Amino acid sequence: MPETNMITTIGAEHYLVLSAILFSIGMAGVLLRRNLIVLLMSIELMLNAVNISFVTFSYYSGKVEGQIMVFFVMTIAAAEAAVGLALAVSIFKRFKEVNIRFFEHLKG
Amino acid sequence: MTADVFLFWFLALITVISGLAVVLMANPIYSALCLAMTMISVAAIFVTLQAYFLAGVQIIVYAGAVMVLFVMVLMLFDLKHELQAFTRGRATGALKIASVGILSGLIVGAVTIGLTIAGRSSDEVISAAAAGGVVDTTRGLSEALFLKNIFGFEALGVLLLVIAVGTVALSRSKGGTHARD
Amino acid sequence: MLSALIFLPIVFAIVMAFWPQKNTVRHLALGFSLIEFVLSLGMLQKFDSSTAALQMVEQTAWIQRFGISYFLGIDGISVMLVMLTTFLVPIIILGSWNSIDKQVKGFHAALFVLQAAMLGSFLSMDAILFYVFWELSLVPMYFIVGIWGGSRRIYATLKFFIYTMSGSMLMLLAIIFMMRLTPEVTGGYISASLLDFYKLNIPFVAGEFLTPQTLLFFAFAVAFAIKVPVFPLHTWLPDAHVEAPTPGSVVLAGVMLKMGTYCFLRWVIPLFPEAAEHYAWIFIALGVIGIIYGALVAMVQPDVKKLVAYSSVSHMGYILIGLFVMNAYGVNGALYQMLNHGISTGALFLLIGMIYERTHSREISKYGGLAGVMPYFTIAFVIVTMSSIAVPLTNGFVGEFLILLGAYSYSPVVAAFAVTGVVLGAAYMLWMVKRVFFGPKGELVKEDHHPLLDLSVREVVVLVPLIIMIFWMGIFPNHFMDFSKASVDYLVKNKMDYSIPLSPNQAQAQEK
Amino acid sequence: MNQQALIAILLLSPLIGFFLNGVRFRSTNYVLAGSIATIAVLISFICSVLLFLNLVDLPPEARRITANFFEWIAVDKFKINAGFAVDQISSIMILIITGVGALIHLFSIGYMHHDKGVTKYFAYLNLFIFNMLILVLGDSLLTMFVGWEGVGLCSYLLIGFWFNDSAKAAAGMKAFITNRIGDAAFIIGMFILFMTFGTLNMHELNMLAPTIAESSWLGAVTLGTMMLFIGATGKSAQIPLYVWLPDAMAGPTPVSALIHAATMVTAGIYMIVRLNGLFIVAPNTMMVIAIVGAATAVMAATIGLTQFDIKKVLAYSTVSQLGYMFLAVGVGAFGAGMFHLMTHAFFKALMFLGSGSVIHAMHEEQDIRKMGGLRKYLPITHATFFLGWLAIIGMPPFAGFFSKDEILWKAFSSSQGHILLWAAGVLGAVLTAFYMTRLMALTFWGKSRVDKSVHPHESPWLMTVPLIVLAILSVVGGWVGIPHVISEQIGHIPNFWEHWLEPVIRKLPTVVEGAHHDETMLEWSLMGISVGLAAISALTAYIMYTKKEGASDKVAKAFGPVYQLVNKKYLVDEAYSAGIINPLIEGSKNLWYYVDVNVIDKATYKVTDLVRGGGSFVKSLQTGNMQQYAMYIGIGVVVALSFVLMR
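Taken in order, these protein sequences are the chains called G, E, U and A.
The opening position of the first sequence corresponds to residue 1 in this note's numbering, with each subsequent residue numbered one higher.
The opening position of the second sequence corresponds to residue 109 in this note's numbering, with each subsequent residue numbered one higher.
The opening position of the third sequence corresponds to residue 290 in this note's numbering, with each subsequent residue numbered one higher.
The opening position of the fourth sequence corresponds to residue 802 in this note's numbering, with each subsequent residue numbered one higher.
One chain only, chain G, in its complex shape:
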């Protein structure tokens, strides 16, 4: 594939690479940030990245099932955010901070 086409012709791989980059950013956030809320946001980023992939595959294969998955993912993401935030709230109540290290208390 010639170099010029990479820029001028947008294909599935462009979307997928975008999705990968976004996913990686999200993952970096999960791994590196200490604020629980930002952590949750990073997870949302990762989920969104996955959604992009789904929609891309759905579009390029002409099948609608990919979008169904996105639908489900969104629901799960909402639910996960709710639970995560609830946990954040209870952590905050106890330690007046939402640092991830308080979860170390979950260690046996």
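Hint data in this document are derived by calculation from the structure and do not stem from the laboratory.
What you are looking at is a predicted structure, and each value in this text was computed from that prediction instead of being measured.
Every residue gets a Cβ at the ideal spot worked out from N, C-alpha and C, and that includes glycine.
Any given hint might turn out to be false.
Claimed, not checked - Across the chosen pairs, the derived CB separations fall in these ranges:
hint	chain 1	residue 1	chain 2	residue 2	range
1	A	M996	U	D771	39 to 47 angstroms
2	A	V1412	U	D786	37 to 45 angstroms
3	A	K1407	E	M183	54 to 62 angstroms
4	A	F853	U	H316	45 to 53 angstroms
5	G	V73	U	P472	28 to 36 angstroms
6	U	N312	A	R827	33 to 41 angstroms
7	U	K311	A	R827	32 to 40 angstroms
8	A	R1413	E	I258	51 to 59 angstroms
9	E	I258	U	E473	51 to 59 angstroms
10	G	V73	E	A218	37 to 45 angstroms
11	A	R1413	U	E473	27 to 35 angstroms
12	U	L499	A	R1413	23 to 31 angstroms
Unchecked claim - Over the 12 angstroms line for every Cβ pair with chain E, so calculated as not near, a few chain A residues:
hint	residue
13	Q804
14	R827
15	L856
16	P861
17	D916
18	S1017
19	V1099
20	Y1178
21	H1256
22	H1258
23	W1262
24	I1291
25	D1354
26	E1375
Claimed, not checked - Computed cross-link-like contacts, DSS-like style, restricted to lysine-lysine with a CA-CA straight-line distance of at most 25 angstroms:
hint	chain 1	residue 1	chain 2	residue 2
27	U	K448	A	K1407
28	U	K448	A	K1358
29	G	K63	E	K256
30	U	K784	A	K880
31	A	K1358	A	K1370
32	A	K1349	A	K1171
33	A	K1403	U	K595
34	A	K917	U	K735
35	A	K1390	U	K595
36	A	K1390	U	K655
37	U	K782	A	K878
38	U	K655	U	K730
39	A	K917	U	K730
40	U	K311	U	K391
Put chains E, U and A on the given structure of chain G with help from the hints.
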């Protein structure tokens, strides 16, 4: 350079920048705002992929509901600028960044190699898409959702209910709603 | 018959555990063990010593899916060891009459379970069944040492357990591997029967280590070598012996070590004949090292029990050599030496236990001049010592001589090195006897506050059968060897293509 | 009576005596114990005599009575019967053992009557006789080995009889262990012979022995016989394993007489004579035997010159005389070896018992410097000892003369012989004459140096009767083997001894050239030289120790360091303990400490540490830090993905 192409590059740039900002911003409020930005640009990307219904849902559910939830919690905590945004430990930090980098590199590599090996250049894909045509996406979506995947849909409903109850149970104060501590 | 032999002790153990009276526990246990002994005599009566065939076979499916069966049988190789086990247990019970004073019921129950497990591993002809019994024997021993042992008993038990266990793991792996090979010979289904194992023809390439037969051979051999114990794997033995209570030491030295050497004969040599032949030199060399090393180290031990433990290492070295030279002299001698060692070392441990009961010390340097105080004890001890250092007309001589003869026909060099054990053996035992029994009265012998009484009637009753056996086996070895000769000769002749015949006719047919 | 039954009774009688005394070993009834033991041996003696007469009745070539009682060991081709054989050689031995044994038993009743362990003593003594009989009667090497080890055991028990003395117990132990070294070689020798000839039956071995002498040093027969000879050096106290015998004098004196002079220590010579058919075809072994024998004879004699313990002198004398016997068998004079064995049994047993009588009289005093002039207190002992003295220094016509002269002549004339061997023999004879005279002079003659508190008294008849009988035997015992050169002069008395042994002894040719007359002259002159030198030597010693006080000290001073060295027994014991025993013990301690404790155990601890370390490493990964967990997931995905992609 057509409008489509320009639009993709523009949206991609915004998505990546705002995504990076989510991770890098020290103040969680800024992170939240940048996340909203990302959500919106992702919704726009959905539009370029002709997933109009999903784009709408993305805006409403994510940029609307979820983001509000985040911002509300942040407000509730009244968090100021954090002293230390990132985890300690250089070695583990480097390891984490390295693993993330390698992972993204691997995915990108996988994507490009995978598609070329499969021998399906994007042109063919586009033509296939045009031929097959996801013309009426919203209708198609609803049919797929409510006819084919009804069980999954219902299951998700149950899940949401459980989550709702669980969330309340987690965040309530001891001794029930009326108790004072 | 064989099932009864194995499971009767378990029934005894259960009865023992629920026996209401404390005072009669020992009498009951003695009675039970005598019943068991009489039963085994009945078995011996029915045993046909003229054939190498497997006798009194019992086979029922157990876990059919994996071809595991409850498969018992007895032949000349195991018969005398079974007798040794049933013979020693009543003696042990009588010998530990006074020395075990806590949890008497538990002790005797453990002893019976141990007996059952040992008999089981001598009699089972199915790999998995064997493995079960083999491992089962560890458990009661663990408790016997761990509960009734000396001050460092926990260390000793742990060492003993972990050593043996790590060997067993290797063996289990090898057993499973071999079971996977069995469909080749059984026509499609998996089998754990030893007889099917014998039929296997596992490829062997000389010089290449990573071939199935070599690996399996070493897996089995190391497992058994730990139990024997062979030279570099022996260090658990002195510790276990020193910490074990007297009866524990007797069982350990008398029977449990024999499980290792017996399995070399039952498993390793017939299953992997090429590898065994090719790598025999390793084990013979280790045997020689064991003889000399054990003797030298025994010589400088300050503790009597440790001395005897190291002498076991030395004696087991002889047995190992006898097994691996793989000729009729060596193997017959080794099998005989197993019995001898069981009796003479068992007797030595009993004797040491008796003196320990009186003085609560095993330090050689604290004794001296015991012969003047306890003459009967001294006579018994000297007789057993003579057996241990293989003076002719005692049992030890016959076995040792045959092993050396076998070693000589394998290689004169081996015999030349092994024969130094004859000298060193005399040196360490007699030096110990000199320091403990002769010379001026030592610190412990002089003291007045615990009068050193000579042997009681009970102790005499314990020792007399052993001493009778020492001479009987030394003067009329044929009475005992005849039981095993047919099987051993058959094994030696057909070791490359061995399988135990199931009937005398088959044995004769294969002979031709 | 049936011959087999005779053999059975012969063997079992002392065993029964052993049991009868053994079960009541605490009794101090010395009369009962002694009677049981002595009668048991007497019964054996009667059996021996009957068997001997039976043999005499048989034609010379068929003089062999065998008895197989049961099959002892039978594995594959290795079949050993509990079989016993009485032939020309063993019949002599059983006569000596039971005859001299009975006398010593009798003597012991008197000697041991005050000892608390008297019953035990007699039990051991009977057990010894039993084992010794097995040794000499066993028709295969292995049955012989049973007795061989058995007598070693009894010797151990009897040397350490007074076990409360640590040194005595140690002497017993030393004897047993030193013997064991020889026994180990003996076992190897048996293996070599069994592998070569397929049998251990001595009769068959002699038959199967090749007819042509083996010249190689590594031939089977040479090696096998060499190993057996090493076994013999242990049992018969030759260089380098002789060190136990002098220490063995710790036992009761009759034991020294029976075991360490008359019977057990001669087992090595007996064994070689029994296997003469085999030894004779191994000239290299024969040469070694002859050299070792000659060297021992001279060396032990020199040590004997300087000892002051009456029993030690006799012990070294025994070692020296045994050297003579080995010299004899080494030059192929098996008959002469046996002959000397017998005469030595008589006069050495006599001298030991005599010394026992002296010690008894002196209340356990053994130092000859504290004796002297005992002749008037112990007339019978002195008279008998005197006869024994004449016998041992080889004065004609006493027993020792004939046997010693025979050996010297053979050492000179045999094809295996050599003038140096002869010279060594003569030197040994001269030294023997000297130290024996010295012993006589210091003990019985000259002035009394006896402590005032001690009142020596003659022993009771129980002790003197055996002395007298043995003294008679010491005088006449040699007359059964009078050499031809002498018998020709005194009326052709046949040489019974040679005649009797002829069918079972293979002979080497004599190499002395020339006519019969020259040979006779040579033999006469050699005889004259040795007897003359011995007589001069004895006379010198007599003068030195009785007439000229202090002469001996002057000589000792003149030789200074040499005297000290000899007096300290050439420091062989010290060399052994410094060179072998101590390094062995120290080395073993190090072996235990380093190999067992520090290498093997440490290695296993290392393995457990490894497991534990691995465990704690994995444990440290589980921090509870969720982000780290997420990282592990990430790394896992990376690894898995790259694995998929790289494929």
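Item to check | Given as non-interface: P861(A), which should sit over 12 angstroms from chain E by C-beta | outcome: Nearest chain E Cβ is 103 angstroms from P861(A), so the label holds.
Checklist entry - Taking 25 angstroms as the top limit, are the C-alpha atoms of K63(G) and K256(E) close enough? => result holds (13 angstroms)
Checklist entry - Are all beta-carbon distances from H1256(A) to chain E longer than 12 angstroms? => result With a cut-off of 12 angstroms, H1256(A) remains clear of chain E, as the shortest Cβ separation is near 101 angstroms.
Checklist entry - Is it true that M996(A) and D771(U) lie within 39 to 47 angstroms of each other by Cβ? => result Violated, at about 25 angstroms.
Checklist entry - Y1178(A) clear of chain E by more than 12 angstroms, beta carbon to beta carbon? => result holds (103 angstroms)
Checklist entry - Is it true that the C-beta distance of K1407(A) to M183(E) lies inside 54 to 62 angstroms, as the hint says? => result Because 60 angstroms falls inside the window, the suggested range holds.
Checklist entry - For Q804(A), is the shortest beta carbon distance to chain E beyond 12 angstroms? => result holds (98 angstroms)
Item to check | Separation of H1258(A) from chain E, once the least beta-carbon distance is taken, above 12 angstroms | outcome: holds (102 angstroms)
Next on the checklist: Hint check: K917(A) vs K735(U), CA-CA at most 25 angstroms. Holds or violated?
Outcome noted: holds (20 angstroms)
Item to check | Hint consistency between K784(U) and K880(A) [alpha-carbon to alpha-carbon, up to 25 angstroms] | outcome: The given pair, whose Cα atoms are some 23 angstroms apart, holds under the 25 angstroms limit.
Item to check | 32 to 40 angstroms as the expected CB spacing between R827(A) and K311(U), which holds or is violated | outcome: holds (39 angstroms)
Checklist entry - Straight-line Cα separation of K1390(A) and K595(U) no greater than 25 angstroms? => result holds (14 angstroms)
When the structure is compared with the earlier hints, violations turn up for hints 1, 4, 5, 10, 11, 28 and for no others.
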